[in-house]
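Those protein sequence lines, which keep their order, are chains A and B.
Take 1077 as the starting number for the first sequence in this note's numbering and just add one per residue.
Take 12 as the starting number for the second sequence in this note's numbering and just add one per residue.
Worth double-checking, as some hints may not be accurate.
Label pairs and their calculated CB-CB ranges [to be verified]:
hint, chain 1, residue 1, chain 2, residue 2, range
1, B, 92, A, 1221, 35 to 41 Å
2, B, 91, A, 1195, 48 to 54 Å
3, B, 38, A, 1213, 16 to 22 Å
4, A, 1157, B, 77, 58 to 64 Å
5, A, 1230, B, 127, 40 to 46 Å
6, B, 19, A, 1313, 28 to 34 Å
7, A, 1313, B, 202, 30 to 36 Å
8, B, 80, A, 1195, 39 to 45 Å
Bear in mind the hints are in silico, worked out from the structure with no lab data behind them.
All C-beta atoms in this analysis are idealised placements derived from N, C-alpha and C, irrespective of residue type, glycine included.
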Amino acid sequence: MSARLSHFFVTIVRAAGNRLVELAIVMVSVATMVFVLLRVVPGDPVLILGGLDTLDRAVIESAREQMGLDRSMLEQYVIWLGNMAIGDFGQSLRSGAPVSQLIGNALPPTLQLGIMALVIGIALSIPLGVAAARRAGTATDAGITTFSIIGISTPPFVIALALIYLFAVHLRLLPVAGYVPFDEDPLENLRHMALPALTLGLVTAGVLVRIMRRSVIDELGEDYVRTARSKGVAESRVVYGHAVRNAALPFVTIAGIEAGVLLSGAIITETIFAIPGLGRLMIDNINQRDYPVVQGAVLAVAFIYVLINAFVDALYRVLDPRIRTRLAS
Amino acid sequence: MADVETNPPALAVHDLRVGVGPSGRQSVVVDGVSFTVPAGGRLALVGESGSGKSMTAMAIAGLLPGRFRILSGDIKLAGETIDPMARSMTRRRGRDVSVVFQDPMSALNPVMTIGAQLIEAIRVDTAVSRKAARKRAIELLEEVQIARAAERLNAYPHEFSGGMRQRVMIAIALANRPRVLIADEPTTALDVTTQVQILRLIDDLCRLEGAALLLITHDIGLVEGLCDDICVLYGGRVMERGPVASVISQPGHPYSNGLISAIPPLDEDVPWLEPIAGEPAAAAHLGKGPACPFAPRCPMVKQVCHTDRPDLQPIGPYVDAACHFASAQPGHRVNTS
Ligand SMILES: Nc1ncnc2c1ncn2[C@@H]1O[C@H](COP(=O)(O)OP(=O)(O)OP(=O)(O)O)[C@@H](O)[C@H]1O
Ligand SMILES: [Mg+2]
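Only chain B is shown next, with the shape it has when bound in the complex (with noise of 0.2 Å):
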């Protein structure tokens, strides 16, 4: 893309900051994240459960839980610093950023027809008449390869598959031309055939509608040859960000090269994997200490490890690492075994 250097990126957060719980007592789930998606460009969100990958993508697209709270930080929309927790947040939603969540079986309203919902997202924007909403609703649809589109805008949630709400959750979420839709583990819950078809859909359209996109998952297996960067959260902190080929052929950061070393390789038949050794921390009780986060498990911990906390930097072109043994040599991989 020619025009990446001129125009603003359709997202940029930085230093987000999430807390939940009362005032004063906070846990930090999401502690001082980072990144940048261009226009039309497709970042990566991985970690594992509970990282606060969810959490971030919720701060962003103000949804965040009742009891959640963005401390601190500034998310800009196609370079407009935005406020997600205010009011006019409304109005963005549906148009500047978009959602599709992970569990397409409970996302829509069960007593709700796919068509009311569908055009409610449509009409959003009160100009178009309920008659115009109805003919793009078929036409999202028929986008999202539903077949028999018009007799199924008369079809509520429950007559549908898993694939198939979806399909519906991904038109509702297009319905409007976002900027930047935000995509959180939407094949999660989906039988394997169709987390392609599903993954293959959101690639098509987003490259249709020329929207960016932000895909959080926590199968690293899934985000080669589909985004350009890849972004990896652990404890709430970004441990290693920079485009997904240098990321996952060279992995700067001791987590990442975990993360990978815990992918099936797709051409051999491997009985087992070799998962990361131990429990995910949870992020609520980091934050706050001088170490860093995943010392308790990292396999090259030292003792510097326990008493310092590394900040993201350089470790290579476009890549940034929060260790202090990450390499800045190409070719280096860090070895877990």
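If we strip away everything but chain A, and leave its shape as in the complex, we get (with noise of 0.2 Å):
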């Protein structure tokens, strides 16, 4: 088990290495889209930071000075790059404060949110796909379709206000809102936590249901599961040990595609719950037009959505000894 666990880690790391141009590729294509786009869209960061439009050209002139925006395009893009290659990611437009910093204070409600909401979805997921498979075609096939169509069609934000007003509103055990740092304070935090992770869980596991479902049904069809069958061993194990160990390959890549998506669906809910993660930054900064901070809120998303691909690709590999030797030799 040890060796399949440092083998593990060799292959993640590996995979990364391999992943260190594409990475490269993905930033600079993100930071050069994202720095046009937000170029290209109406709004002056000073007339919407100064609230006025009246005010004194001169000072309109030298803000704008200050903040470099009077360059031109070129210019700001390459000092902009130059910049973030040496790590300065530059200061807000409007507080000053270093972007680097207001990203580090953003990423950990996210990636809690993110990972809590994959935990819970991949923990639902699993059971009640397997279960749904087992029973094909039966009421509790159908009862769990339902739950997982649910899942998928309803928009977040319903799902959070229905889970705000049961668990929060009517039943008082949680929080309707708010956020508390881990380290200040373990439990209040999971009690805040707990509304958002599981709106994001439930979407999730919506769409891992069908595939957990699908896969297992596909795989209980294939010769080898007859072959398990044959030896004599016990039907779960038949399931468990071989169907649904198969069935982990496309599930693992949707759900390293889910955990994307999650990113995304963390912007309306970090919205809806007040949490400081970096959807709110996001929002927030884009309709104040603080490039800066917007340039890097979502360049380190980017950045974690190739790290979330690059440990897909190496769960995958761990999980299919076929890509393993094929890449060996």
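Could you fit the two chains together into a complex? Lean on the hints.
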């Protein structure tokens, strides 16, 4: 088992290495796109920050100069890329706070939310998907499929409001909104994160249940399952030890994609539950045209996407020996 | 074998009927099949594609695919009637009856090592320790003549050739010394040289372990010298049944005769073979009508064949056939040309 584990980490490191080039390309492309898009969208940060367009022209001009906005777009772009290369993401136009610090503060709540939601989604979808597959065509299957369709088709904010109503307003078990850092009060932190995580977890479970159900049904029809049965292996072991193990391959792929989707789901969820995460940071600063902050936040999200991808890749290699050998040779 | 008379047969199938589809509108794919395999004996189940060989075998092992059901019949393993679709069948599989399947490429779990799959079969017997199971797994791989067995335990199926995978399947099937081994076209997916090796292996190991063999094949040429008895299926029904030697030298049923005429002689260079004219009947369309299932393709067909279904009846010593015109006289060979 420990050999397997160390093998796993070696694979991850190697996969990450393979991905460095890809990472660089993705990051530069995203950076360029965000940079251009933000400047194409109408709205001047100075005017928005100033709040009025009746400001003294001289004041406006000096502010623009201070922020570097008087230079040409190409100049701004080159300076920005150069600064990023040395780890300087710039300062907020509004508060002057370093962007890296703003992102550093916003990252933990978002990551916690994403991980909790993913864990809830996976923990719900494996047993439900397997149960539906084993009883395909029965009332149990129909019930689970209905749950899954509701999860997929209901907008997250509706799920959020329903959960808030049930657990916070009606049962008074959990807070309506807000955030407490984990290192300040772990219990309160979890109580505050429970509903947002459950919201996103249910959305994720909706998709993953379907994948699990379909994959297990497919795998149960495979020859190796019949072989396992022919050996006299107990049915539960046939299902979990053989069919589910193979169904894990498509499941992991989709779970990786869903993990990415969670990040965009986090924007809405963080707004509803007043969690100071990356999503909130982005939304607030888009409205303020605070270019450096938005750019930094988008890059952070893109970076997380690439990491998830590398992780899924590595996991896939651990789960599928056929890919492992193809890679080794 | 001296005790054939006193010992119950390893496998006795009586009037087995298998259907597919929703109840009420089932089509019958195995229709009243009966045969016995004595302890340590060998029976060949032959017939063209779609004749119901696999479904007969899967019914016995309780491994019928989803929409198939045993409609009626009696199956005895070592004299004891079993219900193959019951939960309790699980503990009989691998011990009382084991199966080697047709396609070794898909029969093994692609994400589990050979060793894990073999050890899983061995440890169905819960008393076996992990260590003892590993030792037995190596032994089994050596028995099926896989070199460097200990090392090969950690290999995955995709690292093995088709022939080697089939050897692994045989090792798995024999892991718990089953009374009956069902081999469903075990060599169809393999090249000719490998076919011979695999059949020899099955032959040797069944003898060694004292397992009775139910060999399914559509290649009647494989049967001679390997099996004692033969049972010819067509459209889910038994056409002819008897000792291999008599059936092959003097087929009593025109269908058996047709199958045998289609065997390429080993010593001659024959540029073409005589196939049986027409398409194999889908069993689904048979069963209800009062006609002989083979009538539409039979070269000897008479009026009665379209109106009366012939029952299986003795036509010679130990030989039964289901044909109105099967001859009981030794030496008579039905002529198809
Ligand atoms: N899913 C299915 N639904 C309905 N009928 C089926 C299905 N699968 C197989 N059958 C029918 O069952 C009958 C018996 O099939 P079976 O697989 O036992 O034949 P077989 O003798 O093993 O042929 P082969 O040599 O091709 O393996 C065939 O007539 C086939 O058409
Ligand atoms: Mg078959």
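The hints, checked one at a time:
no.: 1; hint: 92(B) with 1221(A): 35 to 41 Å; result: holds (40 Å)
no.: 2; hint: 91(B) with 1195(A): 48 to 54 Å; result: holds (50 Å)
no.: 3; hint: 38(B) with 1213(A): 16 to 22 Å; result: holds (20 Å)
no.: 4; hint: 1157(A) with 77(B): 58 to 64 Å; result: holds (59 Å)
no.: 5; hint: 1230(A) with 127(B): 40 to 46 Å; result: holds (42 Å)
no.: 6; hint: 19(B) with 1313(A): 28 to 34 Å; result: holds (32 Å)
no.: 7; hint: 1313(A) with 202(B): 30 to 36 Å; result: holds (34 Å)
no.: 8; hint: 80(B) with 1195(A): 39 to 45 Å; result: holds (42 Å)
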